[in-house]
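As given, the protein sequences belong to chains A and B, one line each in that order.
If you count the first sequence from 1, position 106 lands on 106 in this note's numbering, and the numbers rise without skipping.
If you count the second sequence from 1, position 26 lands on 26 in this note's numbering, and the numbers rise without skipping.
Simulated from the structure, these hints should not be mistaken for laboratory data.
Glycine included, every Cβ here is placed at the ideal spot set by N, Cα and C.
Since no wrong hints were added, every one of them can be taken at face value.
Listed below are the simulated PhoX-like cross-link pairs for lysine-lysine, each with C-alpha atoms no more than 25 Å apart in a straight line:
#: 1; chain 1: A; residue 1: LYS70; chain 2: B; residue 2: LYS57
#: 2; chain 1: A; residue 1: LYS56; chain 2: A; residue 2: LYS36
#: 3; chain 1: A; residue 1: LYS70; chain 2: A; residue 2: LYS56
#: 4; chain 1: A; residue 1: LYS36; chain 2: B; residue 2: LYS57
#: 5; chain 1: A; residue 1: LYS51; chain 2: A; residue 2: LYS36
#: 6; chain 1: A; residue 1: LYS70; chain 2: A; residue 2: LYS57
Stretch by stretch, here's where chain A covers chain B in the computed footprint (C-beta under 8 Å, at least three residues):
#: 7; region: 45-56
#: 8; region: 105-112
Cβ-to-Cβ under 10 Å is the rule here; a few derived chain B residues that face chain A:
#: 9; residue: VAL4
#: 10; residue: SER33
#: 11; residue: GLN37
#: 12; residue: GLN41
#: 13; residue: GLY42
#: 14; residue: LEU88
#: 15; residue: LEU90
#: 16; residue: ALA92
#: 17; residue: GLY97
#: 18; residue: GLY98
#: 19; residue: GLY99
#: 20; residue: GLU100
#: 21; residue: GLN102
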Amino acid sequence: GQQVMQIPQYQHVQEGEDFTTYCNSSTTLSNIQWYKQRPGGHPVFLIQLVKSGEVKKQKRLTFQFGEAKKNSSLHITATQTTDVGTYFCAGVTGNQFYFGTGTSLTVIP
Amino acid sequence: KAGVTQTPRYLIKTRGQQVTLSCSPISGHRSVSWYQQTPGQGLQFLFEYFSETQRNKGNFPGRFSGRQFSNSRSEMNVSTLELGDSALYLCASSFGGGGETQYFGPGTRLLVL
Numbered sequence: 001g002q003q004v005m006q007i008p009q010y011q012h013v014q015e016g017e018d019f020t021t022y023c024n025s026s027t028t029l030s031n032i033q034w035y036k037q038r039p040g041g042h043p044v045f046l047i048q049l050v051k052s053g054e055v056k057k058q059k060r061l062t063f064q065f066g067e068a069k070k071n072s073s074l075h076i077t078a079t080q081t082t083d084v085g086t087y088f089c090a091g092v093t094g095n096q097f098y099f100g101t102g103t104s105l106t107v108i109p
Numbered sequence: 001k002a003g004v005t006q007t008p009r010y011l012i013k014t015r016g017q018q019v020t021l022s023c024s025p026i027s028g029h030r031s032v033s034w035y036q037q038t039p040g041q042g043l044q045f046l047f048e049y050f051s052e053t054q055r056n057k058g059n060f061p062g063r064f065s066g067r068q069f070s071n072s073r074s075e076m077n078v079s080t081l082e083l084g085d086s087a088l089y090l091c092a093s094s095f096g097g098g099g100e101t102q103y104f105g106p107g108t109r110l111l112v113l
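Generate the whole structure from the sequences, applying the supplied hints.
See below:
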C-alpha cells in the first residue's frame, strides 16, 4: 500500500547548524505538503509543493519536490530555538493524505 | 475566522467504555478528517467526511466510527475502548478535501485506563 517514509526520526542540532529532513513515497504524488507541530501543539501547515522539481523558500526554510514527485526535503539554515518541533511531510495521491512519521528537531542553545 | 475547535480537550476513560469526540471545522469548510497520533506511530488517518458522507477510511477497526452533520460538524466514536486507544485525536478541516491544505484543531487527548 501507499507509504510515505520520513528520515531521520530524531535530530539534535546545535543552534546555528543546518537541518534537513527527507520524505520518500512509494508512489508518485500529486502534491506534497509540510506541517510543523510544536511540542504540545497541533500540526500547522507550512507549504505545498505541486510541480516536479519545485523549490520554495520561506526565510530560512527551503522545500524541494523531487523530479519524479516521489520525494521531498525540508532544509533549515542556521537553526534557531524557535525551530524546535516535529516536521511532517504529507504526500497526497488521489484525494487522500499520507503523513510521514515526522522528524523531531531539538535545537541546543 | 475562528479555527478548528475540538471538545473535550482531555478525557479519561476505562477499558470497555465508549467515547464520543466532537470537532467543529472552520466556517465554510465542508471536509473533516480525523487522525490518531501516538508517540511511536505518528499521524494515522482514521477517516474523512465531506458533505455528511464518509469519503475515505483508514485502516482502523470497526470500533472507530464517525459521522458528519449538515453544519459540517463531525463526531468520532470509539466503542469498547482498549488501552492502546490512548492517543491524541486530531481533526482537520479543509474547504473541499481532496488533498487541500488541512487546518488542524488542538486535539482531544484520550487516556484509557
